[in-house]
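From first to last, the protein sequence lines stand for chains A and B. According to the working numbering, the first sequence holds residues 1 to 325 in order. According to the working numbering, the second sequence holds residues 326 to 603 in order.
The set of hints was computed from the structure by calculation and includes no laboratory data. We put the CB at the ideal spot given by N, CA and C, even for glycine. One should not assume that every hint holds.
So, partial list: chain B residues that the calculated Cβ filter (under 7 Å) puts toward chain A [stated by the list, open to error]:
1. Val425
2. Arg426
3. His428
4. Val430
5. Arg450
6. Ala568
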Amino acid sequence: MSGNGGGAGTSLAVRIAGKRRLTSRITEFDLRATEEPLPRFTAGAHINVRNPAGEVRSYSLCNAPSERHRYVIAVAREEEGRGGSKGLTDETECGDSLWISPPRNDFELRPALRYLLIAGGVGITPLKAMYHQLTAQAGEREPAGVRLLYLSRSEADAAYLSELAGAEGVVLHHSGQGRGRLDLWPYLAEPDEDTRIYCCGPPSLIADVRALTMHWRPSLIRFENFAGVAGTDGTSTDFTAVWHPTGERIPVPATETLLGALRAAGIEVASSCSAGTCGTCKLRVHEGFAEHRDLVLSERERRNHLMPCVSRAASETIVVGPRGR
Amino acid sequence: MTREAGTAGNAETPAGRVAALFVYPVKGLSPQRVKTLPVEPGAGVEGDRVFALARPEGRYVKGQRQPLPKDQFFMLARDARLAGLGTHFDAPTNRLTVAVREHEVLSADVSTEEGERAVTAFFGRVLDCDPERPPVLARERDRRFTDVSVVSDGMMNAVSIINMASVRDLERRTGAYVDPLRFRANIYVDGLPAWCERELAGEDLAIGGLRLRGVLATKRCAATEVNPETAERDLPLPRLLHAEYGHIEMGWYAEATGGHGPVFPGDRVVFGAEGDRS
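The following block holds chain A by itself, in its conformation from the complex (with noise of 0.2 Å):
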């Protein structure tokens, strides 16, 4: 992991200095630092954007980690989302300032004799940069040491397509026009203790690489998902919380999130996804248990922290509070 910020922290100001679309869905942002070079980051990082609406999603850096005066991001407009990559890739233009957290890497690189890599839709970004910085290292590693898997409905939604058709160890699998999904386990059926596994993509193919794996050692394989999670579901139980400046207690239902509840309640906490994915709300936890559903905290920040859009009490009361700086 780099370390660095976590959370919203949307504290840099980037340019938008090139906007272009990839495909119908997908549009490629090239965002330049304003003054100073952008702070270091490795393959599988990702930046927090703050779109012009104020709100705040996570995006993987595809470009090459070498570069430093630019961060590049692929962002694909979801017409039924919360709204995130429709604010920003319809209300920005080149030239445009942009708030961004500095990179974050929960999605690391780690080393291995050989990669499969498996990249489903826009879930290609992330993937790209690792292909391009372990194909640049190839002379440390066996010829045929990366795959890389990219899946997708057709060629026409196939971001980066062309830079990556024919590219050595790059297998193609468009699904569209009856030609079904590729059947992946011939690629995943002999667990090798040399390879190590990073999936991006939607959670369909999450599911799929997950159950087809169940044979692997399992910390051989990392996935990516920005997709989010909820925090009232079947699992959810009411519990108290307490507003720790006012001691205020707040009942919250099974049916709402603890942000939900503590905004019913008159009290303000800043947020932004809903989704547990981009650190916006982040709280301070006084007393009691979390019950942590979050994509975002790290396990130290959970000690003491928890995510309200998503996160719930594991206690019959939490004491909460703003998180401070």
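Model the placement of chain B on the given structure of chain A, informed by the hints.
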């Protein structure tokens, strides 16, 4: 607590039918549905929990006859990943097979040293053990690796039973689908009033030709949080039970005291009565 119509409180003795029967040859691994449940008084369910994967750093050593607590073994409560493997043990051939989405990934005769090594190496990998310290395949003649084996030998041989109506009541209250196989029982019973076992768990009962004595309501642990299909920890069952009912019980254990097995699907389940095969 609400009760459904025709509850245990009524004069009529509740009666149900056996809906499904399962054995679990290896502790923590897949359920195996059986056409008949081979169970006799004093002997427990043949082929149930006769193997376990012991933690390499733990207290189990080959030949150990003393029962050990469940934390000495790999189990779903801590090792949810085990649910992602489809395992099958064929007793006549001593062959354990493991599949991943219908693809066979292991087939080994556990009566041979070579087969046992293949099994422990396989699970050592899946459970992320140090390759030099794989799990130990635990098996001891006439011993079963059930959670309650530490209570007594009688409890070790007890049969676990689930009242399907109670599972459905929990589903209705929580709005969540609850796969009954989360509870890993030997006998699943339909037709009983929901939660009648809360009052009858200590009563005698008859299942087909077998007479049993209820001995213990089953308190549920984190193993039930694991989805048997996806191996994800996706439903906090102990917490849901506590929130809905104020207890964490689901199902009960009963010791076979008389009569004879096996138990068949459709067998009558009658509390406090002689069994029959009607």
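Outcome of the hint check:
The closest approach between the C-beta of valine 425 of chain B and any C-beta of chain A is roughly 5 Å, which is under the 7 Å cut-off, so the hint is satisfied. A cut of 7 Å between beta carbons decides the hint on arginine 426 of chain B: the least distance to chain A is about 5 Å, and the hint holds. Residue-level restraint check for histidine 428 of chain B holds (minimum Cβ-Cβ distance to chain A is 6 Å; threshold 7 Å). Against a cut-off of 7 Å between C-beta atoms, the interface hint on valine 430 of chain B holds, since the closest Cβ of chain A lies about 4 Å away.
At a threshold of 7 Å, the smallest CB-CB gap from arginine 450 of chain B to chain A is about 5 Å, leaving the interface hint in force. Checking alanine 568 of chain B against chain A by beta carbon gives a least distance of about 4 Å; that is within 7 Å, so the hint holds.
Every hint, counting from the list given before, is met by this structure.
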